[in-house]
Amino acid sequence: MSDSIIDLLVKGTWETIVMTFVSGFFGFLLGLPTGILLFLTRKNQILEQSVLNRTLSVLVNIFRSIPFIILIVWMIPFTRAIVGTSIGVSAALVPLSIGAAPFIARLVENSLLSLPSGLIEAARALGATPFQIVYKVLLPEALPSLINAASITLITLVGYSAMGGAVGAGGLGQVGYQYGYIGYDAVTMNSVLGLLVILVFLIQFAGDRLSKRFDHR
Amino acid sequence: MIELKNVTKTFHQKDRVVTALSDVSLRVPPGKIFGVIGTSGAGKSTLIRCVNLLERPTSGEIIVDGKALMQLSNAALALERREIGMIFQHFNLLSSRTVFENVAFPLELAGTSKSEIKTRVLELLELVGLAEKANDYPANLSGGQKQRVAIARTLANNPKVLLCDEATSALDPATTRSILNLLKDINKRLNITILLITHQMEVVKSICDEVAVISYGKLIEQGSVGEIFADPKHELTREFISSSLHIEVPSVYQEKLQKEDNGNLNPLLKLEMTGKSVNEPVISEVSRLFDTDFKIVSAQMDQAGEVNFGVMLIELSGKRENYNAAIQYFNSKHIKTEIIGYV
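Same order as they appear, the protein sequences are chains A and F.
Under the numbering used here, residues 1 to 217 are what the first sequence spells out, in order.
Under the numbering used here, residues 1001 to 1343 are what the second sequence spells out, in order.
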């Protein structure tokens, strides 16, 4: 393997890592509050609000039903307005974050749903306000399962970012597509696959360790 | 201290309306322990949740320490709830926090300073006897220890009343007794009024001053524990009382028990003493009057309030022709007597 290919692979790996983690961060920034709101406004929850709940739920479902490759193209005008370009790593961050957010929202909602309902009841009986219930009860208690949700999201984003590579997003996806698929270079293509597998394994491993570390049940 | 006036709660389930509580009124005087007993599904959980408005009654009034809770805003209600402690059947401790941090939780909610939290939490853990467990997580505690942490947590705000939602139902008998003793101790030492719900008559018998029986969302009977045990009016109340007295025919007797007397067998009698029974040494009286002898096979006698009650299995022997008269004499002294067989 030539040095230039190795350089490409290193650069690609770095770009993939950046895209995955930065869009994961922005995805959580949008998805976490949405997921909490989805949970709190459900029937029989502390901020029951059926209209808001249904509206949010429909929005989340719409965004989740758009295939990611189409979302990238569909969002081009918006992406341009925000980052000034529709090509490259920073341009890919926009659809990646927007694509991940509704997915994260559902994962967060599910994490919160799996908490014993008695915890909220006890906190209410002790005089906690809804805000205190969220940041002193729900989030700390759901932390291990939220960390699991984060690993699932990041692994999905590794895949999404590779998909984005095919339409000019950079990263390992682009290397694999251009040099491997178009250039019929089996070694490069398989190296890209190997690197993606390693990345996914590392994320899963770190997620499992962290989740266990915070789990005192 | 706690007053419920004509509280009704209905739930809408699909297209039918379920009445969980109908027109429930009760008063818990300051410093007393009041028990509400009922079978599962009778509405007792809804009842206790209505007191701090975890469930909002459909109609009626809730007054705790002179404040009408139904009229309060959400923010005012959250503050008022800090004065109303509550413990639960399944403890509801925060698994992500240590014992110390769990007890500190309500103090954090109230914005207490760090140093103050520390002294108060250690003091509370001392009170419930768990000082050495401060840094353990709830997952490493036994059920009884978890309930002690929950008690310490709810006492942190210095509540005036304490609500206990089946607080001992998930615990074994020995642990139940120790938790009940702790509750009694808290009631006496800190002068906290306690309202508890339970399906175990033992709980009522051992710590309550007053009791109400709930059935299908209605309070069917209430009064001091002594009164209720002395003179239960409803069949359900009688069932609860007798369920707190476990008596079974020992298996040795069970094997040789005959339905009919063949002329030389001894009757096995079951005597039930309630508060109405005469407070006299009836058995030795009968023995003397009717020239009969008694062998006590099994017995459980207890005291609730001023009232002595219990149940006893005895084997009767002696002058056979006087057996019926003896049984009649027991009945005349309000000791319910039945022949369960012959041995």
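Please keep in mind that the hints were generated in silico from the structure rather than gathered at the bench.
Keep in mind that the hints are not guaranteed to be accurate.
Not close to chain A: a few residues of chain F, all C-beta gaps over 12 angstroms, as computed [said to hold, decoys possible]:
1. Pro1030
2. Ala1075
3. Ala1131
4. Gly1144
Below 16 angstroms or equal to it, Euclidean Cα-Cα: the simulated EDC-like pairs (lysine to aspartate or glutamate) are [to be verified]:
5. F:Lys1333 x F:Glu1272
6. A:Lys43 x F:Glu1272
7. F:Lys1270 x F:Asp1291
8. F:Lys1233 x F:Glu1248
9. F:Lys1005 x F:Glu1101
10. F:Lys1233 x F:Asp1261
11. A:Lys212 x A:Glu121
12. A:Lys136 x F:Glu1272
13. A:Lys136 x F:Glu1101
Where a beta carbon is used, it is the ideal one built from N, C-alpha and C, also for glycine.
Out of the numbered hints, which ones does the structure contradict?
-> 2, 6, 7, 8, 9, 10, 11, 12
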